[in-house]
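The residues making up each chain are set out below.
Protein chains: 2
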Amino acid sequence: MKELQSEYQCAINLVIDLIGGKWKVLLLWHLNEGDKRFNELRRTIPEITKKMLTQQLRELEGHGLVKRTVFEEVPPRVVYSTTDFGHRLQPVLYGMCQWGDDYAEKEGIQMNSCWTGRDFMKNKSDLS
Amino acid sequence: MKELQSEYQCAINLVIDLIGGKWKVLLLWHLNEGDKRFNELRRTIPEITKKMLTQQLRELEGHGLVKRTVFEEVPPRVVYSTTDFGHRLQPVLYGMCQWGDDYAEKEGIQMNSCWTGRDFMKNKSDLS
DNA sequence: CGGAATCCAGACGGATACTG
DNA sequence: CAGTATCCGTCTGGATTCCG
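Residue numbers (our numbering), protein chains in the order written: chain A, -13 to 114; chain B, -13 to 114.
No lab work stands behind these hints: they were computed from the structure. The beta-carbon is built from N, C-alpha and C at its ideal position, and this holds for glycine as well. One should not assume that every hint holds.
Facing chain B, a subset of chain A residues (Cβ under 7 Å, in silico) [stated by the list, open to error]:
id: 1; residue: ILE(-2)
id: 2; residue: LEU75
id: 3; residue: GLY81
id: 4; residue: TRP85
Based on the sequences and whatever the hints tell you, model everything.
Now the structure itself:
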């Protein structure tokens, strides 16, 4: 488990320690859609291994960005969701996504089935 | 040099490839304050080694987020700045910083001299 | 001043086997 | 189903030295 420092020069450094790395932002993004089970996340992100998924979810949980709920059933069911604080990151993730979309368009990079910034926008206006 | 994929599942993945890692977000954040020379960046971020600084700046340049300008003088002078597109990420970085500040406050983490989201806010209202 | 080259440790990530 | 445990290779990042 990655320990935070007791002191930071700049908030950006803290943010990098909290959500840096290859998977965390992606996990938070997908969890913002709604609660997800372990294997549901694996299907959503096929490239991640069980080991990495467990590890990253545990760190997010440890830093209070993700909540892990265990239902004592057989077979066991575990549901992951963002905490209120983790959820507060959503506008930022959304901004990142939009910026990424713009970059992809500018550079002619193909974007696939996944939930993108534009989809999100469309979805929001559908709701209103 | 990290090559981008020709196709992405999700814009977030593209964004991670563009500005992921330990240094890029921090560099873009500092470059948004204004153009900076190589050793100026080193002083701003004392923990980064020359190798990493060069490497990360080159990748940012290669992806069109940072511009590198060489002045043919003795001693040589090289100035780095954000491109227009790199600059478009600023609101996102600002949002990250604010969120990080909130986290630090919530968790009682000390924040130091560096340019933070709040400082930025203060600065903007000073200008207006 | 602004790098490049080299070497090395540790983090990251894959495969496989096992478990309540 | 939702993990743990272990082994192992790759690869990123850090320290140091050298260079025009």
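* Asked: Going through the earlier hints one by one, which of them does the structure break, listed in rising order?
  -> When the structure is compared with the hints, none of them turns out to be violated.
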